[in-house]
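Student: For reference, the chains in residue letters:
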Amino acid sequence: SQTIHQWPATLVQPVGSPLSLECTVEGTSNPNLYWYRQAAGRGLQLLFYSVGIGQISSEVPQNLSASRPQDRQFILSSKKLLLSDSGFYLCALSGASSYEQYFGPGTRLTVT
Amino acid sequence: DQQVKQNSPSLSVQEGRISILNCDYTNSMFDYFLWYKKYPAEGPTFLISISSIKDKNEDGRFTVFLNKSAKHLSLHIVPSQPGDSAVYFCAGISGANSKLTFGKGITLSVRP
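Quick note, the sequences are listed as chains A and B, same order.
Going by our numbering, 103 is the number at position 103 of the first sequence; the sequence numbering is gapless.
Going by our numbering, 1011 is the number at position 11 of the second sequence; the sequence numbering is gapless.
None of these hints come from the bench; they were simulated from the model.
This one's a predicted model, so the numbers in the text were calculated from it and none came from an experiment.
For glycine and all other residues, C-beta sits at the position ideal for the given N, C-alpha and C.
No false leads were mixed into what you were given.
Not the full set, but computed from the structure, chain B residues with beta-carbon under 10 Å of chain A:
(1) Gln1002
(2) Asp1031
(3) Lys1038
(4) Phe1102
Calculated cross-link-like contacts (lysine to any residue; reagent style SDA-like; alpha-carbon spacing at most 25 Å):
(5) B:Lys1054 <-> A:Ala96
(6) B:Lys1005 <-> A:Phe88
(7) B:Lys1104 <-> A:Gln62
(8) B:Lys1104 <-> A:Arg42
(9) B:Lys1054 <-> B:Asn1022
Starting from the given sequences, assemble the full structure and let the hints guide the process.
Tutor: Right under this line is the structure:
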């Protein structure tokens, strides 16, 4: 069965510091991968998605970037964090031609 | 523009009774709808889905109804159990491998 790993589980970073969140998946090949964010009191918003290695689509302009260096690895980064980057970051995957997306455990990021 | 709306932020139900969670959408291009359940500090868990060509899908205690003309769907949980207490998100998607558009969620509390 497919498994999604995210780390770290929680992170507290000062404003202006860099960020790197990692998502790795197991039990599936060539998945579509997604980064979502849930800000306080809001629903989940798609940030990036990837249909393959090196292929990244951005949904909203922001202070973040994403990369997919390997088939089962998806990385979310920032060069300089803003207070507004605080939130709960979720990695998700779906299979080819599949509607259902499955989510990882998430990373709680607090920017101070 | 909020394409998926969950207008009731919370719902409280007695154990054993039916829980009805409602969701409205505005995007006519959605061809599939999904419900997710989320506990605090965890990623959402996929519950049940429905294609736009159907009006009902049932899985155990969970049934999703779709009224396409009204752009309305609902999740019925019967009988409700205390372990069902969580935040429930409705999401729409237009095409497989596309992004999920989420509502803001409904907090369900099932009283023993």
